[in-house]
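Visitor: The residues making up each chain are set out below.
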Amino acid sequence: MESLREEVRAWIAANHPGAPGWKLPQSPLEVAEDRQFDWLRAWQRKLYDAGYVGAEWPREYGGGGRERGAQRVIDHELSRARAPFLLNVVALSWAGPMILRYGTEAQKRRFIQPLLRCDEIWCQGFSEPGAGSDLASLRTTALRTGEGWQIDGHKVWTTLGRYADWCILLARTDPAAVKHAGISYFLAPMKIDGVSVQPLVKMTGEGGFNQVIWGSARIPGDALLGREGQGWELATATLQFERGAAEGSAGGGGGGGEQVERVATLARASGRDTDPVVRDRLAGFWIRETALRANAQRTRIAGLVSDRPEALPLMQKLTGSELTQDLADFACELEGDAAGLWIGDSGAVDNAEWQRTYMNSFAMTIAGGTSEILRNILGERALGLPKTR
Amino acid sequence: MNLHLRYDEEHALLRAEARRWLDERFPISRVRALADGEPGEDPGDWKELAALGWLGLVIPEQHGGAGLGAVHLAVLMEETGRRLLPSPLLPSTLAALALLLDGSDSQRARWLPAIASGEARAVLASGTSVWGAERADALVAPGRAGVDVVETRAPDLRIEPEIVLDRTRRSARVTRMGVALGTAAPSDRLVAWACVALAAEMAGGADALLAMTAAYAATREQFGKPIGSFQAVKHPLVNVLIGVESLRSLVYAAASALDAESADAEALARMAKAHACDVYVFAASRAVQLHGGFGFTLDCDAHLYLKRAQTTRPAFGDAMQQRRWLADRLMARTQA
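These protein sequence lines are chains A and B, in that order.
Just add 16 to wherever you are in the first sequence, counting from 1, and you've got my numbering.
Just add 166 to wherever you are in the second sequence, counting from 1, and you've got my numbering.
Just so you know, not all the hints are guaranteed correct.
Rough simulated footprint, nothing fancy, chain B against chain A, three-plus residues with beta-carbon under 8 Å [unchecked claim]:
id, region
1, 291–298
2, 303–309
3, 388–395
Because the hints were derived from the structure by calculation, they are not lab data.
Every residue, glycine too, gets a C-beta built ideally from N, C-alpha and C.
Using the sequences provided together with the hints, build the complete structure.
Guide: So this is what it looks like as structure tokens:
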């Protein structure tokens, strides 16, 4: 592993693309302009061609076939070097792992390599206007038509929807079945008649978010993943990947890093580093950040998680997203009057990066199970508390 | 900050052995009886602790100990903390560590074998209030250079039992010619080891509180439902869970760093201690609160832990003091 680490470091040093000279989004969730999309797609391709995307995935489908743990080393080095993020996030971290686990041989051969190489972009069609935290109440339907399925419904919060070629889509195939039954999981094409993508604008003014209207859209019969009616089970498995509670991502997982040190530097720059209240809070954040990293390590030590195996994997997104949110808010407060300045103002600190980070952090405390839902799940699975109804 | 957690089969075996012994020897009824009785413990227990190899856990083999490291110590302390072991095993271990890390060769040769065998009891004296002093044969105090070992039979020594909140952990006010013993600052290495031992013990206690409160919330019914089904009860318990799980990770990260002699060991140990102070008191307060009226009584076990948490918090620095030290370290890293 150490030789891999050295190799990746050397590769990044020679291939880091630097800054493009215009505003890059902070994550795949805010990609809204073609030049951003093209630049980021080229970066992921370059990384794939170097063997750093899907490093542990099977060779026969286009992966690198490396030993377990290799991707973590690669992601960590990329994150350390502050390399750009990987664009095709839904594909790499949840659609791809789902296809590898539940897909047919034909589906694996068809989809894996193009998604790793960023030749095909994936989005996720789970949430609906009336089905957020209560996902199983979704109303999008899939009707059997001779050869395939006809999809009708309305999906929201669709990251990368505008650029996506494929969608992991939940739809109701049996309207008579009770709530959680009767849902099926599709690998649905997006660039077909009857699919309309409309942008949604976030509170930062950025796009990247979409809603997708499915109006009598016809998809083929082999678009089904798993069995008809198995959708809820597969949706739950997908959420495990999305929350980082299950391993198997093809890349992009190195994030987090050492943000507190950057905020400490900001405190020094703003002349507030001698204030004991500020210092006390900085130390508190440093402890939380270190605990988050220690939790990630302990997850992999069987003897240290046996008392409560469900806890750490379910905690990771919850604690990580809340730390980012609290830290970004603290950073904004440290900026004093500049806290109110926005992108483009000459007095904005780092072009309002912390303001963006703070506002965008709500995506992570809401998506993939809100913090409130995750607390319910933790209470029930890790502590054995009765279900909340 | 480099993290490399280490934990293997040997550590798991020690944990299983500790759990088995503590379950058998220290059910909560016996802990309560000892807390209500006179200070000191059943001498039979001390012999057993010696026979188990726990009195000499961190003492090198050449001095008659087991020669084990910080991760082993964390395991033992976590398990004894879970059961509120009413025995001066912790201050005795800290005395051994002080001798080991800062003592002279002759002090080590004289005291470490006797501590490991249980033949002589030594406890660490750092500050006026000394845990386990009444039944000790010797007190080990950080000195200006190295450590001072003072035998308790010394004529000029005064040992006055204190009236304490946590009766599972007795302490005494120790003075020599009217002056407190052990007012010199402990060495950095002793602080790091002590913080890991204390934080591990606190993690065990906080975990016991969490398990106890979750079990109660799962069965106690109001409005026709178990109270644990209400989010107003469930979510604070999950916040305790997050605290406890994060604390365990920090404890084992710090212990592993000590064993690896990492330069980050002291910072990690202080993080663990800081977090332990906050988490233990929070877990105890939620335990009392969520047990309702019963939680407020002497019959509920929650207060035993609450008192232990309050008493252990200041040892080797409370959360605020640890964060002050950590902030200095953090700001030093931002120097251009």
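Visitor: Mind checking, does the region 388–395 of chain A have 3 or more residues with a CB under 8 Å from chain B?
Guide: holds (count 5)
Visitor: Per the coverage rule (Cβ-Cβ under 8 Å, at least three residues), is the region 291–298 of chain A covered by chain B?
Guide: It holds, with 4 qualifying residues against the three required.
Visitor: If you look at each residue in the region 303–309 of chain A, do at least three have a Cβ nearer than 8 Å to any Cβ of chain B?
Guide: holds (count 6)
Every hint from the earlier list agrees with this structure, and none is contradicted.
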